[in-house]
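Engineer: So the chains spell out like this:
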Amino acid sequence: MIFTLISLIRQAALLTVATLLLTGCELFEFSPNDVRAPAADRDLTAKNLARLQAQPKPTGGDTLRFVFTGDSQRFYEEIGPLVESVNRQRGISALVVAGDIADFGLRREMQWVNDRLRHLKVPYLTVIGNHDQVANGRQAYQEIFGPLNYTFTYDRTRFILIDTNSREYGFNGKVPDVGWLQQQLADTVGIRRQIVLCHVPPSNEDFDPALVKPFTEALAKAPRLLFHLNGHAHSFSISEPYADGVTYINSFAFEKRQYVILTVWGADQFKLEKVAF
Amino acid sequence: MLLSTLPASAQITDSASTTSGRRWYVPKHAVLQAAGGIGMVSGGVGYSVFRQRLDVDVLAGYVPQRYAGTKALGIFTLKTTYTPYTIPLRNAAWCLHPFSFGGLVNYTPSRTLNRSRDEKYYDGYYWWSSTIRFGAFVGGRVARGLKPAGSGQPRMVSLYYELGTNDLYVVSKATNLSGLKVTDILTLGVGGKFTF
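From first to last, the protein sequence lines are chains D and U. Counting from 1, position 222 in the first sequence corresponds to residue 222 in the UniProt record's numbering; the numbering is continuous, with no gaps. Counting from 1, position 158 in the second sequence corresponds to residue 158 in the UniProt record's numbering; the numbering is continuous, with no gaps.
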């Protein structure tokens, strides 16, 4: 009797040890605020951009189609259905997330989102949101995803992704970096259209009030700007708040179980579709 | 000569008032832990009460800059562990504590973090604290008795593991019951205690 009990305990112990060894590395956490992640979970922006540049464009002519989402923060149940829905769409080149990948600014949250979004058939790209900067989040975002301000060009369309979360820096007058934005907008060699993607729009109280004017003026002056895409508000909207010819579109948050497909062609043509999932 | 007689006389007076044979405020054990969400390494001291079943430990943890981004993290933890069962093993020096559970609270100084309660936010902008974490864990321990100290004080060394989680991970799981797995929110820590 005691003998069988001991052998049972021994088996259970062996099984536990084996399981712990297999999953141990991921579980062996120094702090929820550490930025330690396996190589597969790091530099995701660079990896997704490499994938994007390597993939042949699925749409003909000068037409480009991509999915526009935002605010995945702590809506893990919605990611699976979103991925399934996007994977059924035709002609999509990429998916973009307009910030707030995480809710608490923790590295593990960003990994949870990537664990699910990596099942997309297309590459996905992100811009940093305010929730991604709480605690040690800014460091975690840079480790898991990459730079806070960056650009990429696909099908002669220049995407400019910029950190506009001014409140996270205590409105220090440097975020968003308007000088950098102007430089990117001025560089139009080989560019047919420009798209700016950020998290906090200039109309929001979390955007540095001192930078609203220079930021919106830079956009209004941009020679080939198609629209300004942002998240933060969680509900979809499209408007021209500054009556300066610049269209501002706010994404659906993941919790709304809807996303937007943007199809762009020509110099300034676009079609917007809302998809429920 | 004087030095060698002092501890002996101190022990006699102490053992009359306490069973442990030393001042109440002297820690009963030292702890060294790896991971478990409270530092790459953390170390501290603690007390055992209720027939050695309840341990209360204070630890200071460290995450080097390499794993923290721009600045190393310091983490200060208060932890309590309840270990209800003791199974003596065939070799009398060893015993097994198959199950323990406990809770902890820790503080990561805001010097290294973008604090969620900073003055740049209005009240309630973020509902949680980014510097204070609450955690809970289950685990187990094996212990081995050592030769008693010169004073007769029993000594022991033990190794433990802890599977735990923290409040923010629990909130993530509780609001995504089918969206996150239990293993998604678990952390593992291992450590040793030296009872002196």
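What the hints contain is simulated information worked out from the structure, not anything from laboratory work. Do not rely on the hints blindly, as some may be mistaken.
Below, a list of computed lysine to any residue pairs in the SDA-like style, where the Cα atoms sit at most 25 Å apart [unchecked claim]: (1) D:Lys-221 to D:Thr-247; (2) D:Lys-256 to U:Arg-155; (3) U:Lys-71 to D:Gln-142; (4) U:Lys-120 to D:Tyr-169; (5) D:Lys-47 to U:Thr-70; (6) D:Lys-121 to D:Lys-221; (7) U:Lys-120 to D:Asp-177; (8) D:Lys-47 to U:Arg-66.
Calculated Cβ distances over 12 Å to all of chain D for the following chain U residues [stated by the list, open to error]: (9) Val-45; (10) Tyr-47; (11) Leu-54; (12) Val-58; (13) Ser-151; (14) Arg-155.
Since the model is a prediction, treat every value here as computed from it, not as a measurement. Positions of the beta carbon are idealized from the N, C-alpha and C atoms, including for glycine.
Engineer: Determine for every hint whether it applies to the structure shown.
Structural biologist: Status of the hints after comparison with the structure:
| no. | hint | result |
| --- | --- | --- |
| 1 | D:Lys-221 to D:Thr-247 | 13 Å, holds |
| 2 | D:Lys-256 to U:Arg-155 | 60 Å, violated |
| 3 | U:Lys-71 to D:Gln-142 | 14 Å, holds |
| 4 | U:Lys-120 to D:Tyr-169 | 8 Å, holds |
| 5 | D:Lys-47 to U:Thr-70 | 23 Å, holds |
| 6 | D:Lys-121 to D:Lys-221 | 36 Å, violated |
| 7 | U:Lys-120 to D:Asp-177 | 19 Å, holds |
| 8 | D:Lys-47 to U:Arg-66 | 22 Å, holds |
| 9 | Val-45 | 21 Å, holds |
| 10 | Tyr-47 | 25 Å, holds |
| 11 | Leu-54 | 24 Å, holds |
| 12 | Val-58 | 17 Å, holds |
| 13 | Ser-151 | 36 Å, holds |
| 14 | Arg-155 | 26 Å, holds |
The structure shown violates the earlier hints numbered 2, 6.
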